[in-house]
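Chains as they are written, first to last, in my numbering: chain U, 73 to 230; chain H, 138 to 276.
Be careful, since some hints might not be right.
Claimed, not checked - DSS-like mimics (lysine-lysine), calculated; alpha carbons at most 25 Å apart, straight line:
1) Lys195/U x Lys270/H
2) Lys188/H x Lys198/U
3) Lys264/H x Lys195/U
4) Lys184/U x Lys177/H
5) Lys188/H x Lys164/U
6) Lys133/U x Lys244/H
7) Lys184/U x Lys198/U
8) Lys188/H x Lys177/H
9) Lys222/U x Lys264/H
10) Lys204/H x Lys188/H
11) Lys177/H x Lys195/U
12) Lys222/U x Lys188/H
13) Lys184/U x Lys270/H
14) Lys198/U x Lys177/H
15) Lys164/U x Lys264/H
16) Lys222/U x Lys270/H
17) Lys198/U x Lys244/H
If you're looking for bench data, these hints aren't it; they were derived computationally from the structure.
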Amino acid sequence: MKNRMIACGLMAVFLSAHAAHAQAVSGAVPFSGTVDSSCTVIVGSNGTLAASTDGTVLGSKNGGGSAGTAQVFTNDGSFGVSVANPTGFDTKPGAFSGVPDFLAEFALSTGKSGNGNSPAPVKVPKGQTDVNVDLTATLTNAVFDKGDYKATVVLTCE
Amino acid sequence: MKTSLKRKAPATRALTTLVAAAFLLPVGAYAQSMSPMRGKVTSFTDMFAVKVFPANPYNHRIKVEVKVYDADFRPVPAVISPSVLLLAGNSSRQVTVMVPFGPDRQKRVRICTESTPWAQFGQNNIKAQICGKFIAQRR
Numbered sequence: 073m074k075n076r077m078i079a080c081g082l083m084a085v086f087l088s089a090h091a092a093h094a095q096a097v098s099g100a101v102p103f104s105g106t107v108d109s110s111c112t113v114i115v116g117s118n119g120t121l122a123a124s125t126d127g128t129v130l131g132s133k134n135g136g137g138s139a140g141t142a143q144v145f146t147n148d149g150s151f152g153v154s155v156a157n158p159t160g161f162d163t164k165p166g167a168f169s170g171v172p173d174f175l176a177e178f179a180l181s182t183g184k185s186g187n188g189n190s191p192a193p194v195k196v197p198k199g200q201t202d203v204n205v206d207l208t209a210t211l212t213n214a215v216f217d218k219g220d221y222k223a224t225v226v227l228t229c230e
Numbered sequence: 138m139k140t141s142l143k144r145k146a147p148a149t150r151a152l153t154t155l156v157a158a159a160f161l162l163p164v165g166a167y168a169q170s171m172s173p174m175r176g177k178v179t180s181f182t183d184m185f186a187v188k189v190f191p192a193n194p195y196n197h198r199i200k201v202e203v204k205v206y207d208a209d210f211r212p213v214p215a216v217i218s219p220s221v222l223l224l225a226g227n228s229s230r231q232v233t234v235m236v237p238f239g240p241d242r243q244k245r246v247r248i249c250t251e252s253t254p255w256a257q258f259g260q261n262n263i264k265a266q267i268c269g270k271f272i273a274q275r276r
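Taking the hints into account, I'd like the entire structure generated from these sequences.
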């Protein structure tokens, strides 16, 4: 009888210890990830071109015009942005045969700026940078005909 | 090694290049617009391959083109698959770019993701171009 009681006691101790051990089991779930360098350009609004009073300049800086906007996001401080001058209008009136000089310009929220005549990229810091993009088309000894014009500025992050 | 590779069919060579690239480059990168933006590749064939991941940060679908340029933004012949793609909003897709070395043992290229803007009269559109710089060495 005494031996049976001891055996039962030992079994109870063993079972309770085993149960406690089972409750304490845990597993680690590892996570890992790699963040590669990236640059994002999000075009906000297109710019608007307006003619100067003498009709020789069509640009976003004229009265009635507006700059295009974009946001640049980078995770690496080695990237820069630049713009390229358009080589011509994407769309123009059929009667228009002028060959304007294009100048694309940009201004960063960091205070730095650049234009299409100096295509070296301007550094942007890590994080978000707001960009205003302007375009000016200038004619010499001619005026812009009435009609619709459209041009595209390439904003590059590299 | 070089001789044996030269005897292989172009398709086999391309496959070898792709397999080599899979081991040489980081894969599975997901980021907005394009990643990675920098990279060094070592290739044992007359071509090298780079995997880039253009991404669409907008909520709407956009059309994206992938192009390859040299340091002076002159186009470089390359096999780009796919070169034009439609990306759903907030999605990313892998693009494989294979560039022949030509006579060079080292090649520096820009791989650019270009988005197509929407045409609107009386406006100057902005075309976003994201260019990663890659250096490839031929061994």
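To see whether the hints hold, each was checked on the structure:
no.: 1; hint: Lys195/U x Lys270/H; verdict: 15 Å, holds
no.: 2; hint: Lys188/H x Lys198/U; verdict: 24 Å, holds
no.: 3; hint: Lys264/H x Lys195/U; verdict: 19 Å, holds
no.: 4; hint: Lys184/U x Lys177/H; verdict: 30 Å, violated
no.: 5; hint: Lys188/H x Lys164/U; verdict: 39 Å, violated
no.: 6; hint: Lys133/U x Lys244/H; verdict: 41 Å, violated
no.: 7; hint: Lys184/U x Lys198/U; verdict: 15 Å, holds
no.: 8; hint: Lys188/H x Lys177/H; verdict: 12 Å, holds
no.: 9; hint: Lys222/U x Lys264/H; verdict: 13 Å, holds
no.: 10; hint: Lys204/H x Lys188/H; verdict: 13 Å, holds
no.: 11; hint: Lys177/H x Lys195/U; verdict: 22 Å, holds
no.: 12; hint: Lys222/U x Lys188/H; verdict: 34 Å, violated
no.: 13; hint: Lys184/U x Lys270/H; verdict: 23 Å, holds
no.: 14; hint: Lys198/U x Lys177/H; verdict: 22 Å, holds
no.: 15; hint: Lys164/U x Lys264/H; verdict: 18 Å, holds
no.: 16; hint: Lys222/U x Lys270/H; verdict: 31 Å, violated
no.: 17; hint: Lys198/U x Lys244/H; verdict: 28 Å, violated
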